[in-house]
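Visitor: Residues in the sequence shown are numbered from 1 upward in steps of one, following full-length UniProt numbering.
Some hints could be false.
What the hints assert, rightly or not - The list that follows gives simulated cross-link-like pairs (lysine to any residue, SDA-like), each with its CA atoms no further than 20 Å apart:
| # | residue 1 | residue 2 |
| --- | --- | --- |
| 1 | 109 | 323 |
| 2 | 235 | 251 |
| 3 | 360 | 73 |
| 4 | 198 | 280 |
| 5 | 269 | 253 |
| 6 | 235 | 219 |
| 7 | 198 | 109 |
| 8 | 109 | 280 |
| 9 | 12 | 33 |
| 10 | 53 | 38 |
Said to hold, decoys possible - Simulated restraints on C-beta separations:
| # | residue 1 | residue 2 | range |
| --- | --- | --- | --- |
| 11 | 304 | 27 | 44 to 50 Å |
| 12 | 7 | 192 | 47 to 53 Å |
| 13 | 10 | 196 | 42 to 48 Å |
| 14 | 14 | 91 | 35 to 41 Å |
Just so you know, these hints were derived from the structure itself, not from any lab. Fair warning: this is a prediction, and the values are worked out from it, not measured in the lab. Just so you know, even glycine gets a beta-carbon here, dropped at the ideal spot from N, CA and C.
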Amino acid sequence: MRVTVENGKAIKVTGDPDHPPTQGVLCTKVSRYADRVHHPDRLTVPLKRIGAKGEGHFVPISWDEAFDEIGRRLGEIAARTPEAIVPYSYAGTMGLVQGEGIAQRFFHKLGASRLERTICAAAGAAGLRYTYGGSLGMHLEHFEESELILIWGANPIASSLHFWTRAQEAKRRGARLVAIDPYRSLTAEKCHQHIALKPGTDGAFALGMMHVLMTEDLLDHDYIASHTLGFDALKERAMSYPPERVAQICGIDASELIDLARRYGATRKASIRLNYGMQRVRGGGNAVRAIASLPALTGAWRDRAGGLLLSSSESAPVNQAALLRPDLMPGWPHKLPRIINMNVIGDALLHPGDATFGPKVEAVIVYNSNPVAVAPDSSKVAAGFARDDLFTVVLEHFKTDTVDFADIVLPAGAAP
Numbered sequence: 001m002r003v004t005v006e007n008g009k010a011i012k013v014t015g016d017p018d019h020p021p022t023q024g025v026l027c028t029k030v031s032r033y034a035d036r037v038h039h040p041d042r043l044t045v046p047l048k049r050i051g052a053k054g055e056g057h058f059v060p061i062s063w064d065e066a067f068d069e070i071g072r073r074l075g076e077i078a079a080r081t082p083e084a085i086v087p088y089s090y091a092g093t094m095g096l097v098q099g100e101g102i103a104q105r106f107f108h109k110l111g112a113s114r115l116e117r118t119i120c121a122a123a124g125a126a127g128l129r130y131t132y133g134g135s136l137g138m139h140l141e142h143f144e145e146s147e148l149i150l151i152w153g154a155n156p157i158a159s160s161l162h163f164w165t166r167a168q169e170a171k172r173r174g175a176r177l178v179a180i181d182p183y184r185s186l187t188a189e190k191c192h193q194h195i196a197l198k199p200g201t202d203g204a205f206a207l208g209m210m211h212v213l214m215t216e217d218l219l220d221h222d223y224i225a226s227h228t229l230g231f232d233a234l235k236e237r238a239m240s241y242p243p244e245r246v247a248q249i250c251g252i253d254a255s256e257l258i259d260l261a262r263r264y265g266a267t268r269k270a271s272i273r274l275n276y277g278m279q280r281v282r283g284g285g286n287a288v289r290a291i292a293s294l295p296a297l298t299g300a301w302r303d304r305a306g307g308l309l310l311s312s313s314e315s316a317p318v319n320q321a322a323l324l325r326p327d328l329m330p331g332w333p334h335k336l337p338r339i340i341n342m343n344v345i346g347d348a349l350l351h352p353g354d355a356t357f358g359p360k361v362e363a364v365i366v367y368n369s370n371p372v373a374v375a376p377d378s379s380k381v382a383a384g385f386a387r388d389d390l391f392t393v394v395l396e397h398f399k400t401d402t403v404d405f406a407d408i409v410l411p412a413g414a415a416p
């Protein structure tokens with residue numbers, strides 16, 4: 001990005017034309033970043049709750065008052081039961097330092113409970129690690145050279161502008177675009193074909209494609225022998241998913257599966273653009289594993305316009321231990337604080353505490369997230385945050401549903 005600054009104030013954000021993936025184009029959200037930073041509704045001073053939790057009534061206080069109150073309350077809890085303190089965060093600011101680097105160091109040193117952050121992409125990332133050894137995939141700009149693109153569980157018109165630009169260029173060059181998605185999104189409408197399988201049946205569909213590839217010998221045997229392990233076991237599993245069975249599981253016509261598998265097997269420059277919706281179901285990680293096996297079976301990885309992409313977030317290696325400093329945790333590395341999964345934060349906040357769960361949650365620090373609005377089972381989440389005996393600190397840009405339940409609100413910085 002390029003930021004125009006006048007008198008120390010960022011007034012405009014534009015794309016960098018020299019950046020290969022984006023070519024100077026920003027999505028709508030980022031292009032308005034300066035407006036967000038200087039929005040009149042931005043929180044600019046610390047706030048302290050007055051009245052009942054959930055009503056959203058606050059009075060401004062000084063930074064010293066806010067830090068004194070937070071330090072006193074957290075200090076009291078940490079002195080006797082540090083695991084009763086729980087951080088809650090996910091996306092928001094995604095910078096390595098601003099996002100989690102300094103925050104996790106703080107909570108590790110405090111001895112707070114650890115948060116298992118699996119609300120978004122954990123299953124897919126794990127599936128790729130177990131299949132490929134990592135989650136790297138195709139370069140975004142190489143999709144425009146593809147001859148067949150499977151847009152699987154994705155709506156890039158709305159959520160992946162720079163990929164969609166490349167897909168449209170490939171289409172202009174003659175590529176066929178196929179959307180595999182239960183929902184007929186705007187992207188699906190713009191593709192040559194939409195296969196509307198039932199939700200949660202992506203793994204079965206991929207195994208059905210394998211069945212066709214294997215029975216009709218649309219395989220790259222040299223690639224399989226040189227670059228893969230476990231083919232015989234995979235073939236045994238795929239043979240139990242003939243097209244007729246898959247059609248019943250997925251709610252499609254068997255011909256849709258057969259025709260696509262044949263086209264995929266006959267096209268060297270065949271690519272797959274996965275997204276996260278299809279892995280947010282039971283068995284989602286294994287579904288990603290099945291889909292990720294397809295380009296290895298056909299040797300699509302031989303060409304830079306073939307293969308698969310889910311995420312490029314691991315494109316730059318990061319020393320996570322140096323960044324997050326887990327060695328700061330008391331008892332490292334043998335006895336570590338408990339882990340609470342973010343998807344069950346409502347249950348965690350309402351738990352009275354016992355020998356299995358650990359101590360009752362007494363304090364929550366929320367940053368880069370709005371759990372009252374986004375966490376599963378929102379009625380439980382709201383009830384948990386409404387506890388009068390729970391001390392809640394929220395770092396935010398604007399007032400949100402979670403802010404309404406905070407005891408102390410700190411205005412968050414806006415660095416990307």
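Visitor: All the hints need checking, so say for each whether the structure fits it.
Guide: Each hint, compared with the structure:
About 13 Å separates the Cα atoms of residue 109 and residue 323, which keeps this hinted pair within 20 Å; it holds. With a CA separation close to 23 Å, the supplied pair residue 235 and residue 251 exceeds the 20 Å bound. The suggested pairing of residue 360 with residue 73 holds, with an alpha-carbon distance near 15 Å, which does not exceed 20 Å. For the proposed pair residue 198 and residue 280, the alpha carbon gap of about 14 Å is at most 20 Å, so the pair holds.
For a cut-off of 20 Å, the pair hint linking residue 269 to residue 253 is broken: about 26 Å separates their Cα positions. With a C-alpha separation of about 12 Å, the suggested pair residue 235 and residue 219 falls inside the 20 Å cut-off, and the hint holds. In summary, the hint linking residue 198 to residue 109 is not supported, as the alpha carbons are separated by about 46 Å, beyond the 20 Å threshold. Using a Cα cut-off of 20 Å, the hinted pair residue 109 and residue 280 is violated, with the two alpha carbons roughly 32 Å apart.
For the given pair, residue 12 sits about 8 Å from residue 33 by alpha-carbon distance, which is consistent with the 20 Å threshold. Distance restraint check for residue 53 and residue 38: the Cα-Cα separation of roughly 28 Å exceeds the 20 Å cut-off, and the hinted pair is therefore not satisfied. Our hint of 44 to 50 Å for residue 304 and residue 27 is violated, since their Cβ atoms are close to 25 Å apart. Remark: the range hint 47 to 53 Å for residue 7 to residue 192 is upheld by a beta-carbon distance near 52 Å.
Residue 10 and residue 196 have their C-beta atoms about 44 Å apart, which keeps the hinted 42 to 48 Å range intact. Residue 14 and residue 91 have their C-beta atoms about 23 Å apart, which leaves the hinted 35 to 41 Å range violated.
The structure fails hints 2, 5, 7, 8, 10, 11, 14 (numbered hints given earlier, in ascending order).
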